[in-house]
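There are 2 protein chains.
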Amino acid sequence: MLDGLVISVDAMGGDDAPGVVIKGLEYFLKHEGKGRRARFLLHGDKAQLDPLLAKAPRTRERSEIVHTEKVIAMDDKPSQALRRGKDSSMWNAVAGVKAGRANIALSAGNTGALMAMGKLQLRMKQGVQRPALAASWPNPNGISVVLDVGANVDVDAAQLTEFAVLGEAYYKAIYKKDDPTIGLLNVGTEEQKGNAVIRAAHERLSQSQLGLNYVGYVEGNDISMGGADVVVTDGFTGNIALKTAEGTAKLIGTFFNEALKGNLWSKFTTSLNSLALFRLKRRIDPRRVNGAVFLGLNGVVIKSHGGTDHVGYANAVNIAIGLAESDFLEAIDARMDALHDEDDNIGFIV
Amino acid sequence: MLDGLVISVDAMGGDDAPGVVIKGLEYFLKHEGKGRRARFLLHGDKAQLDPLLAKAPRTRERSEIVHTEKVIAMDDKPSQALRRGKDSSMWNAVAGVKAGRANIALSAGNTGALMAMGKLQLRMKQGVQRPALAASWPNPNGISVVLDVGANVDVDAAQLTEFAVLGEAYYKAIYKKDDPTIGLLNVGTEEQKGNAVIRAAHERLSQSQLGLNYVGYVEGNDISMGGADVVVTDGFTGNIALKTAEGTAKLIGTFFNEALKGNLWSKFTTSLNSLALFRLKRRIDPRRVNGAVFLGLNGVVIKSHGGTDHVGYANAVNIAIGLAESDFLEAIDARMDALHDEDDNIGFIV
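Heads up: the protein sequence lines correspond to chains A and B, in order. With the first letter of the first sequence counted as 1, position 296 gets the number 296 in the numbering used here; the numbers rise by one all the way through. In the numbering used here, each residue's number is its place in the second sequence (first place is 1) plus 350.
A hint or two may mislead.
In the SDA-like style, the derived pairs of lysine to any residue whose C-alpha atoms are separated by at most 20 Å in a straight line are [stated by the list, open to error]:
#1 Lys526/B to Gly492/B
#2 Lys600/B to Arg199/A
#3 Lys427/B to Lys250/A
#4 Lys250/A to Gly603/B
#5 Lys396/B to Lys427/B
The calculated label-pair distances, taken between Cβ atoms and stated as ranges, are [to be verified]:
#6 His381/B to Ala331/A: 37 to 43 Å
#7 Gly211/A to Leu560/B: 52 to 58 Å
#8 Glu258/A to Leu560/B: 32 to 38 Å
#9 Gly142/A to His417/B: 46 to 52 Å
Hints listed in this document are in silico derivations from the structure and should not be mistaken for laboratory results. Just so we're clear, the structure is a prediction, and the values are computed from it rather than from any experiment. Ideal Cβ placement from N, Cα and C applies to all residues, glycine included.
I would like the entire structure built from these sequences, with the hints used as guidance.
Following this line, the structure appears as structure tokens:
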């Protein structure tokens, strides 16, 4: 048994797993993780992992391999994954948390399958309907958290209000802000905008006496401009908004490189200015915010972007550990109870 | 009666109307519109417009004021706007097209009210259910068109397939590409992703023999990375995606300015490299793609961003004229008829 803080890692999940996973762990231990107590349960194919670990001495020293050859494919349906995926690397990663062998599960694999396995093994917190995936995005003043970004394609108003409470607890735990602002993503800020589900959630959040710092409707541009610390939305819209933001950052990076490398003079002056440009690239680097969290489970499950590289993966490890070190599971329990008590008192039914 | 190409302008619509509107028209006539035949019917308050026109000689020379003091507020509900808004500047702008006095209507006012007035006065094209708002966004190879970006919060599969056909015709007319690619916005590219509406539209578009260049599902990042020329989605998701992209571009602009102005050395080297940086800023300037079009009406109605400045407004004028010069209304008729015939043949019911 590993001691200290343990991460249960799906070493086979992700577009370039297991290579990127092992490189990511090693990168974490060299940088942010230097001197921290983290240890790893690596779930995956020993024959593939051993040669990778030979080149990653820090990781090898802190890891234990739990061998399995079974892997969930990126395009498996969640139902298939549940039926055929017992003892897969992803299943076992979640099972490590369930069994108390690890504090956190981490996977860069199939999002739907990971949610289904988290839900089945760890169970939902009492009163929560479905887990929400919360992701981070930079804004001029810090970070915004957006949820749901993928797990719940169709939602009702009760779920949106739960997302608000879950997102608040997550933001407090990770970004250490006492009273984060919460906004509801809509197509305008006027009262009559949006659909019936959005308007019902807006009314409920506006009525609440729980002390939520609810600022009302926010729009798409507010995600990047910091209109709210926590941006609440359904999983369909949130997923598309976040990927749109990623694509736009990438587009501007492309334009940027083309503009600065246009000619010799450009190349020369750009090299003179390389420190400022380096700082800029660092601030808009999406790897810096890689790592999303399933909220509402009895346990911590972190989802890394499937296509990230080792630097992005290391960031997901860092988020995972920060979260596991906090008391947010208890905080969520208290807040969700209060929300549902209030639902009962005001007769909120959707 | 004005001769040549006439734009019927809601001079009072927009956050900073009528000032920005008149400045935008003047800017257009000085730049892109130099030497073009465009003339303007200006609907609005003569007492406010006259002093502005005194400072905009090119616009004054090509304009006729149609006086009205009635204005639609940015936060009026569409139903209110229809009830109380007859003879408002917006209403009259659309009426100018209906009456054959102008080729195009243009407004930076309330989107919902503009759609309602367009629909009531110009009527939908036969077989089209509701108009879709199509907006443009840059990608590394050119421009993507996204629709719907605001008019239809709830859609069914038949509407999504109509959007595909409308978007294709629009793309051909404005961006002069014979066979634009069409993608359906979803939370993943695998067959089982999304909700029932998306999947039904996907199946219908995949089956079609109309020669649509349908490439299947695209994701949020494809909007900026050029995954499809025409990106089809519902008005809720599309509005949020587009505003998210705008916000992200603005965020990076903020980071950019901070990074480059960090210290004296930075300022100096940046000034040496100003041409490249100017080119970059021009490429990511959202004003360059301002101007969205209501598709599916018997007439051309253009919506400018309510908060744009005169440069952005001028771009909307430019799009409007490009569209009015094309034969896209006829092209839409032919394609929509073919789509609905095919619907009947294969028994497509939603």
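Hint check against the structure, violated hint numbers in rising order: Result: hints 2, 3, 5, 6 break, sorted rising.
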